[in-house]
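> One letter stands for each residue in the lines below.
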Amino acid sequence: MPQKKLSVRIDGELISAVEGQTILQAARANGKRIPTLCDLEGLTPVGACRLCIVEISGTDRLFPACTTPVQDGMSVTTVSPKLTQYRRVSLELLFVERNHVCSACVSNGHCELQAMATEMGISTVRFAYNYPKLAVDLSHPRYVLDQNRCILCTRCVRVCAELEGAHVWEVTSRGIHSRIVGDLNQKWGDAKGCTSCGKCVQACPTGALAEKGWAVEEMVKKNDNISSLVRRRGVQA
Amino acid sequence: MKKVKVATVWLDGCSGCHMSLLDMDAAIISLAQKIELVYGPLVDAQEFPEDVDVTLVEGAVSSQDDLNKLKKIRQRTRLLISLGDCAVTGNVPAMRNSIPVQKLLHQVYVEGVQANKIIPTDGVPALLKQARPLREFVKVDMCLPGCPPPAKAISSVIAELLDGKKREGTLAVKFG
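These protein sequence lines map, in sequence, to chains V and A. 1 is the number of the first residue of the first sequence in this note's numbering; add one for each residue after it. 1 is the number of the first residue of the second sequence in this note's numbering; add one for each residue after it.
These are calculated hints, taken from the structure and not from any lab test. There could be a bad hint or two in this list.
Stated by the list, open to error - Keeping only pairs whose Cα atoms sit at most 27 Å apart, straight-line, the calculated BS3-like set for lysine-lysine is:
| id | chain 1 | residue 1 | chain 2 | residue 2 |
| --- | --- | --- | --- | --- |
| 1 | A | K129 | A | K69 |
| 2 | V | K133 | A | K103 |
| 3 | A | K139 | V | K82 |
If you're wondering where the values come from, they're calculated on a predicted model, not measured in any experiment.
This is chain V alone, in the form it adopts within the complex (with noise of 0.2 Å):
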């Protein structure tokens, strides 16, 4: 059967969308980019960044891109200074919840969090740092978990359960208490469910999940080859 086609107006532009879409991959489909940090291609939306909120028009409230469907007639908004203002705060409040000490990273230059508070301009944050104490597992040969660096996007969680099938992370309490952890909680080298993929690593926007043996700046990730796996495969996300 084929899909309904849709009209909407994204930024005021008319642009036809699929049913089924989401706000974002229709926006994308016609060469709109809206800021994302938890999306990547090939994974299920979770909208848990919050960085791709949009404005629909005859509501107030916002919604994330990711995770809303399109709906015949819609008018979304993707840039306005009041999105570009709750943007920069969700960028800022992760910035200040845990220890992203960019100088000292693996990741450094090549950190999605931190390009994308280059592209907002973001020079410093308005809140107190909370500089939590938060644990660095060592314990996987290949692989390390340093808890100061997550965003808690679950990209990982999502990969290993979606495309390795091994649904080996989980994200453990709430809140800021939240934690990424493997095989029920216990440490990642003990963890008898995980393959050493790395896809995981691999997915990670910033350098919380690395591959030992890299210095500062020296972790470039490949998490186009995460998407590109799922296109090969024909996964639907």
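Following the hints, put chain A in place on chain V, whose structure we already have.
Below, chain A without anything else, positioned relative to chain V:
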């Protein structure tokens, strides 16, 4: 033309930002004709002068001495700039923040050495509980992150302040 009075200050940092300041090559010659460096590690003045136009502060606020200096600087400076990641975010000095000060000093000066196991107290300022960015103590007029901020970024910021013209796109702001 009256020269603009500029001061630089080195709090809890590695002096890398000052190195970057000196790394602006020939630009430093034309800059020197327009500014007077009135205080900082690069000149001899012992007391922070009154009535400074621009102060670039490197480093986080780590000790009571840092905090006292910063408050005095703020009172005597028209424009205060956080120079580099330590001043802007806390950066490396703030990596100690989750360890209690006494435990930290004990680990470094007692457990960490072979001889002279003494925690120094004479002639060194008492550490604050945490090393934190300038903005959390005083009003900061501008932040220039980077570890260190590139020399070009520092020189363009100073040039902008000197001629009062904003140069769009010349300054790529980046943490780390």
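> Look at each hint and say if it fits the structure.
Now the hints, each set against the structure:
1. A C-alpha spacing of about 17 Å is found between A:K129 and A:K69, which places the hinted pair at or below 27 Å, so the restraint holds.
2. For the hint linking V:K133 to A:K103, the alpha-carbon distance of about 14 Å falls within 27 Å, and the restraint holds.
3. Restraint check for A:K139 and V:K82: satisfied, since their Cα atoms lie roughly 25 Å apart, inside the 27 Å limit.
Violation of the numbered hints given earlier is absent; every hint is satisfied by the structure.
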